[in-house]
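A.B. asks: Chain residues, written in single-letter form:
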Amino acid sequence: MRHTKAINQKARRIDALSDQDVVALQTPNGPVAQTGPHIPLGCSFVFSPGWEVDSTGGTAGLCQPVERDLYDCHITCFWPAHVPDLYNHAPDWTGKCAAAAKDWRKIDLIFP
Amino acid sequence: MTLLRRGEYHAFEGDGAPFLYLVPSAAVYRLDDTSVAVLDEIGDRDLAPNDLANSLGSRFPLAEVRTTIEDLVRVQAIRTVADQPPPVKAEAPRRRIPLTTLVVNVTSKCNLSCTYCYEYGEDKIVEASTKPRFMTEETARKSVDFMFAESGDSPNVNLTFFGGETLLNFKVLKSALAYARTRAAELGKTVSTSLTTNATLLREEVIDWMVENDVGVTVSIDGGKEQQDRFRTFSNGKGSYDLIRPNIEALLKRHHRRPVGARVTLTKQNLDVIGIYRHLAEELGFWEVGFAPVTTSWQRDYAIQDEGFFQMLSQFKVLAAEYLEHALAGKRHRFSNVRDTLEEIHKGMNKAYPCGAGLGLMGVATDGDVALCHRFAGSDSHKLGNVTGGVDHALQDDYLKRHHIANKTDCATCWARPICAGGCYHEANTRYGSTERPNLHYCDWIRSWTNTCLEVYGALAEKKPEFLAQFDS
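Protein chains in written order, with this note's numbering: chain A, 1 to 112; chain B, 1 to 473.
Hints are supplied without guarantee of correctness; some may be wrong.
From chain A, some residues computed to sit far from chain B (all C-beta separations above 12 Å) [stated by the list, open to error]: (1) Ala6; (2) Pro91; (3) Asp103; (4) Trp104; (5) Asp108.
Simulated crosslink set (BS3-like; lysine-lysine; CA at most 30 Å straight-line) [claimed, not checked]: (6) Lys225/B to Lys317/B; (7) Lys5/A to Lys171/B; (8) Lys238/B to Lys253/B; (9) Lys351/B to Lys5/A; (10) Lys238/B to Lys124/B; (11) Lys463/B to Lys5/A; (12) Lys317/B to Lys5/A; (13) Lys109/B to Lys142/B; (14) Lys347/B to Lys189/B; (15) Lys5/A to Lys347/B; (16) Lys401/B to Lys347/B; (17) Lys109/B to Lys124/B; (18) Lys238/B to Lys109/B; (19) Lys351/B to Lys189/B; (20) Lys331/B to Lys124/B; (21) Lys171/B to Lys131/B; (22) Lys189/B to Lys383/B; (23) Lys5/A to Lys331/B.
None of these hints come from the bench; they were simulated from the model. From the three backbone atoms N, C-alpha and C, an ideal C-beta is built for every residue, glycine too.
Required output: the full structure, derived from the provided sequences and hints.
C.D. replies: So this is what it looks like as structure tokens:
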């Protein structure tokens with residue numbers, strides 16, 4: 001919900017940009033018609049825990065498919081949204097992952 | 001832990017409603033009650049979102065505070081402490097800006113001897129004797145060719161004639177415009193024309209030509225007889241009002257194709273802004289009246305000092321309030337200073353440079369040398385090329401690098417910088433001896449004036465938003 005109302009042209013442009021929804025996991029002809037450019041929010045390299053599609057549009061081959069997406073990752077959060085709560089809920093989440101580049105497959109699934 | 005901090009903005013009211021002018025985006029947002037409360041609560045502190053929500057919990061639902069914070073973060077009215085904006089870098093424009101306005105100084109000679117003149121007076125930067133007094137027809141044509149060559153793919157160009165007293169070289173500017181129209185037709189472009197004059201030479205044939213050619217005219221005039229004759233005199237000291245008044249009346253009576261404006265130079269001795277406005281707009285009938293303080297070094301007798309700036313400002317505010325009343329009533333007000341600023345606010349202009357000088361606008365001296373703008377035309381130290389060889393892009397790039405707002409460290413914390421960007425190069429050069437300096441002598445004045453215009457803008461957004469649609473293009 002908006003608590004600010006865009007008045008001048010610049011504010012309208014800012015609103016238009018931030019109105020674009022995340023479409024990374026949607027198919028182009030999916031239920032939500034995409035009007036603006038494709039701006040996926042989320043991690044953009046393969047060793048970042050989080051969701052993303054690969055170049056073919058698939059998610060299975062990536063380190064953190066959609067199942068690991070524990071909290072909304074749209075607008076409010078970026079990096080912290082893609083990992084579980086390491087302080088309270090899953091303190092040992094990366095316990096088996098000494099070197100991310102080598103051990104990333106050992107990072108386990110977390111269900112809240 | 002995430003801490004929230006206020007972003008950079010200027011809060012103002014329009015018709016009693018709360019607004020934000022965000023810096024550096026120059027976006028204008030209207031706030032609701034929750035957002036005002038959130039920003040007030042943060043104030044100048046760093047606050048955790050939970051603390052913020054708790055302290056506002058008695059007044060607003062928690063979820064509402066949360067979405068408000070998200071929204072204010074989105075528009076950067078609030079930022080997290082970890083996410084502070086990086087310092088602005090002095091980057092040159094990513095593409096070459098086409099030249100869209102060329103100001104051609106067809107003569108450096110003038111038939112008046114205005115005491116405060118920046119071209120001939122005590123603060124002149126060009127020694128007139130080193131340059132030809134009149135531009136030749138050939139140089140004028142080359143200027144036109146230069147203009148089209150540097151205009152890139154821009155479909156419209158503006159050719160502006162200036163002086164000296166522009167009309168002293170009427171023959172050349174007349175043929176230059178005819179040539180420009182022919183060239184424009186060949187190139188598939190349009191050219192619009194304007195000129196500035198002191199109105200002493202507005203003969204019938206000149207007015208005919210202006211009407212036939214859709215020439216925009218600005219008349220330099222200081223007000224009524226008393227004001228005009230104080231500084232705008234002939235070399236024998238005689239005032240010019242009695243000569244120009246019938247000329248202006250003839251011009252205003254016949255020339256309706258383009259708005260005819262008056263441009264007033266304010267001095268310490270001439271600060272009756274409202275009286276001047278009444279005379280020029282309501283008595284003589286100028287389409288619009290714009291005011292500017294005289295450009296001069298501070299020690300001159302006619303330089304406006306601090307108290308003078310505020311005297312000027314208080315009258316500007318009266319006229320701005322009048323402008324608002326007129327706009328709400330569907331009537332046109334002729335005070336152009338408000339209109340220009342409203343347009344900049346509406347477009348959300350955020351300037352790296354105070355004006356288009358050296359970018360989309362350049363000035364040509366009588367010998368064909370091209371400089372930043374008409375005020376520097378003929379100055380070798382502000383030269384950017386010449387009409388035969390074109391723009392020296394190495395000089396231009398160097399100029400753009402040196403004059404970027406990022407180099408004006410005094411401006412870095414000022415909320416009015418998206419609109420002001422340090423102010424006029426010529427003013428700075430006259431006042432401080434360098435075009436690179438921001439004009440610190442009028443910061444308070446600029447901020448106060450910008451705030452006044454924001455208030456008018458906000459009031460219009462509240463009560464008559466359709467009025468602002470005229471600035472959409």
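A.B. asks: Measure nothing beyond the straight line between the CA atoms of Lys5/A and Lys347/B; if it is 30 Å or shorter, mark the hint as holding.
C.D. replies: holds (16 Å)
A.B. asks: Checking one constraint from the list: CA of Lys238/B to CA of Lys109/B, max 30 Å. Satisfied?
C.D. replies: Holds: Lys238/B and Lys109/B sit about 18 Å apart, inside 30 Å.
A.B. asks: Between Lys5/A and Lys171/B, is the straight-line Cα distance small enough, at 30 Å or below?
C.D. replies: Judged against 30 Å, a Cα distance of about 55 Å means the pair is violated.
A.B. asks: Run the C-beta distances from Ala6/A to all of chain B and say if the shortest one exceeds 12 Å.
C.D. replies: violated (6 Å)
A.B. asks: Is Lys238/B close enough to Lys124/B, meaning Cα to Cα at most 30 Å?
C.D. replies: The hint holds at about 22 Å.
A.B. asks: Please verify whether Lys109/B and Lys142/B have alpha carbons no more than 30 Å apart.
C.D. replies: holds (21 Å)
A.B. asks: Need the status of pair Lys317/B, Lys5/A: alpha-carbon distance at most 30 Å?
C.D. replies: Distance of about 27 Å is within 30 Å: holds.
A.B. asks: For the pair supplied as a hint, Lys5/A and Lys331/B, is the alpha-carbon distance within the 30 Å limit?
C.D. replies: Measuring from Cα to Cα gives roughly 27 Å; hence the hint holds.
A.B. asks: What's the verdict on Lys171/B and Lys131/B, does the C-alpha distance respect the 30 Å limit or exceed it?
C.D. replies: Given that 30 Å is the threshold and the Cα spacing comes to 19 Å, the pair holds.
A.B. asks: Taking only the CA atoms, is the gap from Lys331/B to Lys124/B under or equal to 30 Å?
C.D. replies: Violated, at roughly 41 Å.
A.B. asks: In terms of Cβ atoms, is chain B entirely out of 12 Å range of Trp104/A?
C.D. replies: Answer for Trp104/A: holds, closest chain B Cβ roughly 26 Å.
A.B. asks: Taken at face value, is the distance from the CA of Lys253/B to the CA of Lys238/B at most 30 Å?
C.D. replies: holds (27 Å)
When held up to the earlier numbered hints, the structure conflicts with 1, 7, 20 and fits the remainder.
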